[in-house]
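S.K.: Below are the chains, spelled out letter by letter.
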Amino acid sequence: MDSGYWGRHSIDIKNEKEKNMKKIVLAVLMLGVVFAFTACNGSKEKAQTAEAPAAAAEDAYAEVRGTVVTMSGPFTDNDAIKFDESVKSFEQETGIDIQYEGSKEFEASITIRVEGGNPPDIVDFPQPGLLGNFVKKGQVIDLNKVLDINKVKSNYIQSWLDMATMESPDGDIMAGVWGRVNGKSLVWYNKKEFDAAGYTVPETWEELVTLQNTIMADGDSPWAIGIESGAATGWAATDWIEEMMLRTTSLENYDKWVAGELKFDSPEVRTAIKAMTDIWFADGMVYGGRKSITTTSFGDAPKVMFEKPPKAWLHKQGNFITSFFPENLVAGVDYDFFYLPSVDPSLGRPVLVAGDIYAMFNDRPEVRMVMQYFATGASVEGWVKAGGAISPHKDSDLNWYTNVVDRKVAEVIQNATSVRFDGSDLMPGAVGAGSFWKEMTAYVSGSKSLDEALAAIDASWPN
Amino acid sequence: MDQYQKPAVRILTLAALLILTAVVLAGGFVLLQNMQDSKILMTLFAVIWGLFSVALLYYVLNSIAQTMPRKIRSVTVAIVFAGPAILILFWALVLPTLRSLRLSFMDATGSKFVGLDNYAFAFTDPIMLESFRNNLLWMFFGTLSCVVLGIIIAVLADKSKRERLIKSLIFMPMAISFVGAGVIWKFIYAYKGEGVNIADIGLLNAIVTALGGQAQAWLLIPFWNNFFLIAIMVWLQTGYSMVILSSAIKAIPEAINEAARVDGANAFRIFFNITIPTIMPTIITVTTTVLIFSLKIFDIVRVMTGGNYGTNVIANEFYLRQFTYGNSGQASAIAIVLLVVIVPVLAYNLREFRGRKTLK
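Those sequence lines, one after another, are chains A and B.
For what it's worth, numbering that gives the first Met the number 0 labels the leading residue of the first sequence as 0, then goes sequentially.
For what it's worth, numbering that gives the first Met the number 0 labels the leading residue of the second sequence as 0, then goes sequentially.
No wet-lab data here; the hints were simulated from the structure.
Among the hints, erroneous ones may be present.
Unchecked claim - Below, in silico cross-link-like pairs of lysine-lysine (DSS-like), each with a Cα-Cα straight-line distance of 25 Å or less: (1) Lys393/A / Lys150/A; (2) Lys136/A / Lys111/B; (3) Lys135/A / Lys255/A; (4) Lys185/B / Lys290/A; (5) Lys150/A / Lys87/A; (6) Lys302/A / Lys150/A; (7) Lys407/A / Lys190/A; (8) Lys81/A / Lys384/A; (9) Lys185/B / Lys295/B; (10) Lys111/B / Lys103/A; (11) Lys87/A / Lys302/A; (12) Lys185/B / Lys302/A; (13) Lys407/A / Lys393/A; (14) Lys81/A / Lys103/A; (15) Lys81/A / Lys191/A; (16) Lys152/A / Lys393/A; (17) Lys185/B / Lys103/A; (18) Lys310/A / Lys185/B; (19) Lys262/A / Lys135/A; (20) Lys310/A / Lys87/A; (21) Lys111/B / Lys135/A.
Stated by the list, open to error - Using C-beta positions, here's what the derived DEER-type ranges look like: (22) Gln138/A / Leu115/B: 22 to 32 Å; (23) Gln138/A / Val178/B: 30 to 40 Å; (24) Pro125/B / Ile111/A: 48 to 58 Å; (25) Lys152/A / Gly179/B: 48 to 58 Å; (26) Val340/B / Asp147/A: 28 to 38 Å; (27) Pro125/B / Ser228/A: 20 to 30 Å.
Here a beta-carbon is modelled for each residue, glycine too, at the ideal position from N, C-alpha and C.
All chains, full assembly: derive it from the sequences and hints.
M.R.: Shown next, in the form of C-alpha cells:
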C-alpha cells in the first residue's frame, strides 16, 4: 500500500537484488510452514488408526477395547468437562475412547463434515431440526436396526420417542436418542426478597396476573426480560411465543405450526403473540420498557432481580439460566422458580423443553455400544450430580440431583401432562434460526408492525 | 554451479542432488509418522525439515533450470519459482470461485439446477434490497468520511508541533480488531431502557442526558443506526488513510509550495491547487482500498446488531444463508454478486498502482 511513497525513490540495482533474495527466502519459509502443517495433519489421522490394535484381554469388551468413537457437538468449556467426566466410568469399563470435539460454530461445521463424507461417529444435536435435514438425505443410521430397541423404548416416555422419530427416504426411522434435556417453562425469582415482600407463588394464570398487579402497585416492574444474544438475538422471544402457543391453543395446532402447516399469520399464533405482548408491551410491566428488551442481553436480564433492592421480580427462562446468575447464590435459598401456569386451564400442564439428541453416522460395534449406553440414565449420572443437566431417562434416579432446583425441574418435566420441544429448534434453519428470531426482534423493537413481521416469516419458509 | 565442470559431471551431480532431495522429502514423512509420541518433537522436526527440504527442492530445481539453454532458461526459472505459487493460487482461489459460480445456479443443497432463481432472490428479496442500500451507505459515507478526515488531519498535523502525538492517537484504533471495536462501541451506545430504577451506562447517553436530552436506544433508530455503525469503521480506518496521505503530503517538494506562496497563493489555494492534485494518485489508492473494505463489511454489523433493525449488509446475509440457513445456492449467488461488484474497484486500484510504478 505504501509503494506510492516508495515509488518516489529510485531504487538501485543492488537493493533490488537484495529485495528479490528476501522475497525468495520469504516464499520458501511460507511454503515450508504450509508443508509442515499438512505433514502434521496427515500424520495425526494415521495416529488414530494406529492406536487401535491393543492387547485383547479375556473380557466382555475384548472386541471393542482400545477403539475410538468420535463425537462432535456444541459442548465447550464447562459442559465439555462435565460430559467427559460423566462418561469416564464407561470408558474405563469398556476401553472405548469417546473423543468429543466441541465447537461454538458447530451448526456450520457439522454440515461441512457430513456433506464432505467425513462425519464423526456420533453427532450431538441441540436442534432436532438440523438432524432432520440429514435424516431427509438418508445420511443417518436407523437406530431401530442397530440397537436393542426395546430397551431404548422402555427407558423414555412416548413424547421423547416421538420427537426422535424422523422421516427419511426409506420411511420413518429412529434418528437418535436423547441425552441431556432442559426445561424451559420456568419462572425464576429472588426467593429471599420474594418471601420478605410477602408475595406468593401463583398456581394459575389469574394468580400470576394478580401478582403482576401487586408488584406494579408496590412501585416495581414485575418482569425482567432481555432477548439480545449477538447474532442469535430474538431466540428468547421465540421461546415465549412457543410457551404461549402451548398455553392458548391445542397441541395439534402447535405441532402443525412447527411443521409449517399452520401459518404464522393465523388467529392461533396471533393470540399467542398477543398473550406475550400483553406482558411485554404494557406500561410498567417490564424493567426498562419495551425498547430495552431488544438491547438487553438474555444473560444480563435476570441479574437485576438480585440487586438490593431487586429492580424486577420475575424472569422466564430455561434451567440453564442459573449459570448466568450472580455468583455465590444458593439454589432454593436465594433463588427458586415456579412453573409458568397455563392461560387456558383446560390445556393442562404443558412443558416446553429443549435437549441434546445423539445421532449415529457410522455403524461399528463400538459405536453401537456407545449409543446403547447413551440411552441409559447412567450416561448422564455424573453430569446430573454435578448440576446443570436433567436426565430424560426413566431409569435415572431423582436422588442424583444434588441441588433442589435441578430436582424440581426434573419433577416438572416428569409431572407434565404434555412435553413439547422448542419449536424454533424444530423449524427449518431459515425460519427457526433466521426469520422467526429476526422478525420478532423487529416487532418488539418497534421497527416493524406485527402484520409485516408475520408475513415476512411466512414468506421465508423454504418450499 | 561451477561453469567449468564437464557436462557429464554436472548432470550426474544434479541427478544425485535430485535423488537426495527426494530421499529427504520422503524420509521426513516416514520419520514424522514414527514420532507420534512426542508432539513437541514432531512439531519442531516438521518445521525445520519442512523449511529446509522445501528450500533444498527449490535450490535443486533452480540448478536444473540453470542448465537449460539460454533461450528457455528464464522461462524455466520462472516456472520453477512462480509455478507452485500459481498452482496453489489456482487451487485455493480460482477453483472455489468456479465452484461458487456453479452452486449459485443450484438449489439450497446444491443438487438441483434452478437457473437464475438465486439471482432473482439476490436482487428482489426485501432483505437483500435493504442490504444493498446499507452497503451503499457504507461505501459512500464510510469511505468519504475516512478519506476526507484523513486528509484534513494529515494536513493539519503536518503544521503542528505535536504531529507525532496526534498521529499516534488517530492511528491507534487501527490496532483494534473490528470485533473488539464492536465491543467497545457497544458500551458507548448502550441503552438500559426507561421507567423506574433505570441507570444508563452508555457514554453517548450520558452525554445526551447531561446536555438535557433524552436517552435513546441508538442502535434501534431506523436508518440512522447505519450511521452509528459507520462511525465505528471511520474511527478504525481514518488512521490508515491519514498515515498514507500524510507520507504523500510530506513528499511534495517544499520548493513548489514556496513558489506558490511567493506568487501570493494563500493556504487554501495551495491546498486545493497543489496538495490535492499532487497526492491524487495516493487518494485514489486509499479510497479504493477503503471502498473494498466497506463493501466487505461484516464484523461490525454482526457484533453490534446481527443485521437486525434495518442494518443488514450483504456479507452478513451471505454468512447467514450459508451457515445458519444451510442454503448454499442463495449464499453463492450473493457471493458472486459481491465479487462482481468488487472486481471493477479492484481492477481500477491495481491499474492505478501499476501506472504509478512505471511513472517513477
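S.K.: If a hint holds in the structure, say so; if it doesn't, say that too.
M.R.: Hint check:
{"no.": "1", "hint": "Lys393/A / Lys150/A", "in the structure": "11 Å, holds"}
{"no.": "2", "hint": "Lys136/A / Lys111/B", "in the structure": "14 Å, holds"}
{"no.": "3", "hint": "Lys135/A / Lys255/A", "in the structure": "19 Å, holds"}
{"no.": "4", "hint": "Lys185/B / Lys290/A", "in the structure": "16 Å, holds"}
{"no.": "5", "hint": "Lys150/A / Lys87/A", "in the structure": "22 Å, holds"}
{"no.": "6", "hint": "Lys302/A / Lys150/A", "in the structure": "43 Å, violated"}
{"no.": "7", "hint": "Lys407/A / Lys190/A", "in the structure": "15 Å, holds"}
{"no.": "8", "hint": "Lys81/A / Lys384/A", "in the structure": "10 Å, holds"}
{"no.": "9", "hint": "Lys185/B / Lys295/B", "in the structure": "21 Å, holds"}
{"no.": "10", "hint": "Lys111/B / Lys103/A", "in the structure": "31 Å, violated"}
{"no.": "11", "hint": "Lys87/A / Lys302/A", "in the structure": "35 Å, violated"}
{"no.": "12", "hint": "Lys185/B / Lys302/A", "in the structure": "19 Å, holds"}
{"no.": "13", "hint": "Lys407/A / Lys393/A", "in the structure": "16 Å, holds"}
{"no.": "14", "hint": "Lys81/A / Lys103/A", "in the structure": "16 Å, holds"}
{"no.": "15", "hint": "Lys81/A / Lys191/A", "in the structure": "30 Å, violated"}
{"no.": "16", "hint": "Lys152/A / Lys393/A", "in the structure": "10 Å, holds"}
{"no.": "17", "hint": "Lys185/B / Lys103/A", "in the structure": "22 Å, holds"}
{"no.": "18", "hint": "Lys310/A / Lys185/B", "in the structure": "23 Å, holds"}
{"no.": "19", "hint": "Lys262/A / Lys135/A", "in the structure": "23 Å, holds"}
{"no.": "20", "hint": "Lys310/A / Lys87/A", "in the structure": "44 Å, violated"}
{"no.": "21", "hint": "Lys111/B / Lys135/A", "in the structure": "15 Å, holds"}
{"no.": "22", "hint": "Gln138/A / Leu115/B: 22 to 32 Å", "in the structure": "29 Å, holds"}
{"no.": "23", "hint": "Gln138/A / Val178/B: 30 to 40 Å", "in the structure": "34 Å, holds"}
{"no.": "24", "hint": "Pro125/B / Ile111/A: 48 to 58 Å", "in the structure": "29 Å, violated"}
{"no.": "25", "hint": "Lys152/A / Gly179/B: 48 to 58 Å", "in the structure": "51 Å, holds"}
{"no.": "26", "hint": "Val340/B / Asp147/A: 28 to 38 Å", "in the structure": "58 Å, violated"}
{"no.": "27", "hint": "Pro125/B / Ser228/A: 20 to 30 Å", "in the structure": "24 Å, holds"}
When the structure is compared with the earlier hints, violations turn up for hints 6, 10, 11, 15, 20, 24 and 26 and for no others.
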